[in-house]
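Undergrad: Heads up: the sequence lines are chains A and B, in that order.
Just so we're aligned, residue 1 is where the first sequence starts under this note's numbering, counting upward by one.
Just so we're aligned, residue 1001 is where the second sequence starts under this note's numbering, counting upward by one.
Worth flagging that the hints you see were computed from the coordinates, not collected in a lab.
Worth double-checking, as some hints may not be accurate.
As the list claims (entries may be wrong) - Chain B is nowhere near these chain A residues, computed Cβ spacing over 10 Å in every case: (1) Tyr16; (2) Ala43; (3) Ser62; (4) Val134; (5) Gly144; (6) Gly174; (7) Val179; (8) Ala184; (9) Ser188; (10) Thr189; (11) Pro236; (12) Arg275; (13) Arg278.
Stated by the list, open to error - SDA-like mimics (lysine to any residue), calculated; alpha carbons at most 25 Å apart, straight line: (14) B/Lys1284 - A/Ser248; (15) A/Lys114 - A/Thr193; (16) B/Lys1028 - A/Thr189; (17) B/Lys1022 - A/Trp14; (18) B/Lys1331 - A/Trp14; (19) B/Lys1030 - A/Trp14; (20) A/Lys54 - B/Lys1028.
Just so you know, even glycine gets a beta-carbon here, dropped at the ideal spot from N, CA and C.
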Amino acid sequence: MALPKYTETRYRIWHYIYLSICTFVFFFLIAPLFVIFPLSFNAEEFLVFSDGMKRLDPDAFSLRWYKDMIYGTKNPWGLAAKNSFIIAIFATLGSVILGTVAALGLSSRYMPFKGIIMAALISPMIVPLIISGVAIFFFMAKVGLAATHTGIILAHIVLGTPFVVITVTATLSGFDHSVTRAAASLGSTPVNTFMKITLPLILPGVISGGLFAFVTSFDEVVVVLFLAGLDNTTIPVQMWTGLREQLSPTILAVATCLIILSTLILVTAELLRRRSERIRGINR
Amino acid sequence: MSSETKKILTTDGTPLEESLKKAERKNKIKAFMLVAPLLFFLIITYVFPIGEMLLRSIDDRMVSKMLPKTYVAMEKWDGKELPSEEVFEAFYLDYKILVENKTAGKLSTQLNYEKNGFKSVLKKLARKQKKFTEGNYKEQIMAVHKRWRDVDYWRAIKRRAPEYSYSKYLKGIDMYENEDGNIVQVSEDRRIHRILWTRTLEVAFFVTVFCFLMAYPIAYLLATLPMKYSNLLMICVLLPFWTSLLVRTASWMILLQQQGIVNDFFVFTGLVADDNRPEMMYNKTGTYVAMTQILLPFMVLPLYSVMKTISPSLMRAGKSLGGTPFVTFFKIYFPLTIPGIGAGCLLVFILAIGYYITPALVGGASGTLISNQIAFHMKSTLDWSFASAMGLMLLTGVLAVYWIYNKLVGIDNIKLG
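Next comes chain B alone, as it looks inside the complex (with noise of 0.2 Å):
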């Protein structure tokens, strides 16, 4: 085309192009008015409500709060010497107010975290302060205990100063700030985190791997087998995919029990002496067992609907052209399922390692994740800023696997029934 030609007008005068471009900014926001409604509402109810679980756990102001006066004190404070009187008679008149109002508990526990000792030398205070005179308190606290002599009792309660910590953080992974501002592990009995979160990977991991093995050889079986016995033979997996997670978790419950029918066969076949029956549940095997049958039907789900797709001819000509079954099966047909496999595997993935309800009934102490300890701190420690930062180290996971779910196999081609 010569750089000559007339631009291409409509009726009403405007060049065609404009118009054009114009008519599809109309369809974008007609589009996106559509979204739009679904969009704000989950923001508001949902993506805000999880950006507040991240302020919430890595907001320190607690300490801050109930100590005011003594952190502006502090501010000049360098931290090598004692600190001066006015810090001293900050703190007192801080703590003072803490006392009458019957929240000098809560601060004790605090500053406890912080350093060991604290609270008795808190608890002496209060007593105490109440018999002060005026003017000196700098004299009058240090006679209280000798540890409020100690520096490091004072580097404790600054350490406490700024209002954002990731201190939550640490502890998730079962590491804290010690008194240097050094990063180091906890004591070896007390790492309890590290091992919940081993467990929780090591459980998805198996239960999925599980739950390929077993969806494999019937998502097979479901999409070579004639349409009449393959479809009554569908509602063996889409039963239980419809049926009340809690009821499954309940059948299990009696299924796992010492004296249920499990054990009953094992007995009977004479695996187990009747006197000796193994604990099936309140352990690791009950979730694994639990958990895989609960999870088998988002694995043969998608496996079923890409080997659906799989033309029976192919493997015929692999056949004809000299490989044995295993040969053409292993070259032709598995390749071709991955796509599945992927689909299948990230799902069960991503639903194992946020599970909860079927590990808390059936799980026991050795077999319970990372889900129920963040339940535990919401509902019986009530660290809600600890069951926040845990929560969203969880997240961040699951969100990895799904934004790779997302590359691999794209979010609309999830399967649902």
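Pulled out of the complex, with its shape left as it was, chain A reads as follows (with noise of 0.2 Å):
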């Protein structure tokens, strides 16, 4: 963005006025992650910087939240952890399956009503969750499995096919459909067409469709919190429990763990995103 030498006065200031927006908007999406960071080492109960800590003094900075955390007494976490990890794992499990056989589908362009299902089946991402939760939950309770991981995981399914449906058709979009005529030429079997050929070159977008259902399940609160009972506590549930009833600071050393993990999965993303032009050829 470097400016021309001929550039007038009043569209370099308005050009260092727009930069100075810029910084402040990227500013104000950053910022706030690493609040959280340098407080989850506070030594102190409270959740504003200590004297101590605005001097860098190393006595004002400590790990005992993180101890909080893990060895704490009576503490949710570890429950809470493992919860989330096994619900999100089979969620994902269950939303890649069901997600990227619909895709096949649906980027088949013998497919009949193809914009309405496309539509219906995009829809749990765009209704309000807290709708989704109340319906959910009166179903879940008619057939016996609220407060139960299998409900939990049921719904996260729901909630986590519509990302890799959109991913992986999005991916497909750009495959190349004589490879897999080539194939069954060759005397391969549909299924073995999938495995062998389709497969591979749609693998970064199934991927990256399911880290996205892993994040929404691993992150959704609002359908848990219907569905979970005392036994399928989640991270999520137990943070908006903390927060509502008195932030601590074990809370912000949860959060330093998830910030951290969301930076994994970003880095995984954007390098399957890549890895995805790069397959398909698309030139940027």
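Bring the two chains, given one by one in their own frames, into a single complex with the hints.
TA: Put into structure tokens, the structure is as follows:
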């Protein structure tokens, strides 16, 4: 964005105003995440920067909230983390399988009522979570799956599939169907063709859809609040309870771990996206 | 082609046209079979439950289930004069069972909604009816309290006879059906729901506007910078996008508290006095700030993907033809980004209108939205039919915007990351 030498002064001024607006917006987006980081190492119980922290006094920092998170008495985080991972992994598997198969059908040019079916399959992403929560709660209570892992997993499959459908159909839109026809003409069965030819080519899209489904399930709180009993509490539910009652620094320690997790997921997703674009030969 | 042209046949003798149609049908079925598992899964676990919400929201069988004999007896009653002995007897028998089962409280609550003053006369009846002698229940009941001689109370019971009613929907917009069957507004001090609806729309609208104003400049920067810089800056957009909603809300709770960093900064710059720190959380300000930051990536990504496709030579052409930078921007660049603006704004609006978590945590009493009211009725008052009715009213609004989105943008053009 270097300015040409002949730029008039008023445009030059405007350009710097523009850049400072952008800086402000980027700061607004990213800075809140970095507030959590130092405060989670606070030696004191208050959620403000103590004078010691401002002076960078080593005694003002400690790992006590991380210890509390892991070893604290009656602490709910161990169970919550276990539940969160179990639910998210199974929900991701379910979403990926159902979503990928559906995406294959949707990107066939013979698919009847494509528009309306696509809109219906995406709708769980659009409908406010509170409504999905109420509806799914009534259903799960009726079939006796309320307050069970199975019920929550099924609910999260519903919420996760739209992401898989979107990413996989997007990947398939650049897919060269002649390779599958070539495989068929060489005597391959449809299942074999899918496993050996199609799947490796669309794998980046499938995995990034899976990441979305994982994050959706791992981060989801509204539906779980309706469905969960005491044994099915998850990390977001615990955070929600904690944030409503009192903000303790232990929550910030958990939040820091979650930020690190999301950074890892972001990096994976970005690498996959680039790989997918390279495989599909999209030049940017 | 002449009409005498022979039909082209395939090797097995069937006309080619037919054979092709057959193949196409086979392909259609094949494609549909792939979508079917997900479709049926969603219909069972999602579409039916939402349909059931609809039934629940209009279901009004609570009172008629509690007073079955009364409503049978009332069928013949025209509602002009006091009902006959038959109705009084049926009511006495029904009410006796309720008192014995200790569920009479529910009935008095329900009937009190219909007409004030039911609670006390029903209580008195429960006490007195133990000493009732057989026969002539009309006289005995009317002797308990003078209100039993008032035909309005019997009319109130009759009004609850239909098994389905839309009264919950009326309640959702602060209206009700009064004794004469007219739909009127509730008294002014009790109109809480309309305030919530307007506030929800207002918050969703302004959050969309704020997101647009903040997202447009940075999307432009990201789309025009060289790749190596823009990839780095893109992380600033994508990291919040992938981070847990609760983590982001927690960070705003820390920033916006009275002793928080934002207030510290205001004091430091001298904007406010140290002993007069403004309340920025637990009100609408908190909701606006936090929701704008949380939904901002959903505006940046569609804008960016549209801007990426606009060739920079268009702007150069505009300038070379004598347009000033501002004119070329507004005449050439801006119109080309309108599809992205539409996509981003509709998406953010749809997401904002149903927001629950963030307003509940940072909104306080004046910053809560319609979703919070639905959750309140689900969890606290247990008025599930009212929660369902409000949920469906919200859903109708969201689906309307979704329909527009689908028409304008196309659902398969949603961009994720």
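Undergrad: Does each hint hold? Answer for all of them.
TA: Tested hints:
no.: 1; hint: Tyr16; in the structure: 13 Å, holds
no.: 2; hint: Ala43; in the structure: 17 Å, holds
no.: 3; hint: Ser62; in the structure: 18 Å, holds
no.: 4; hint: Val134; in the structure: 5 Å, violated
no.: 5; hint: Gly144; in the structure: 14 Å, holds
no.: 6; hint: Gly174; in the structure: 13 Å, holds
no.: 7; hint: Val179; in the structure: 18 Å, holds
no.: 8; hint: Ala184; in the structure: 13 Å, holds
no.: 9; hint: Ser188; in the structure: 16 Å, holds
no.: 10; hint: Thr189; in the structure: 14 Å, holds
no.: 11; hint: Pro236; in the structure: 5 Å, violated
no.: 12; hint: Arg275; in the structure: 14 Å, holds
no.: 13; hint: Arg278; in the structure: 14 Å, holds
no.: 14; hint: B/Lys1284 - A/Ser248; in the structure: 24 Å, holds
no.: 15; hint: A/Lys114 - A/Thr193; in the structure: 24 Å, holds
no.: 16; hint: B/Lys1028 - A/Thr189; in the structure: 19 Å, holds
no.: 17; hint: B/Lys1022 - A/Trp14; in the structure: 65 Å, violated
no.: 18; hint: B/Lys1331 - A/Trp14; in the structure: 18 Å, holds
no.: 19; hint: B/Lys1030 - A/Trp14; in the structure: 58 Å, violated
no.: 20; hint: A/Lys54 - B/Lys1028; in the structure: 67 Å, violated
Hints 4, 11, 17, 19 and 20 from the earlier list are contradicted by this structure; the remaining hints agree with it.
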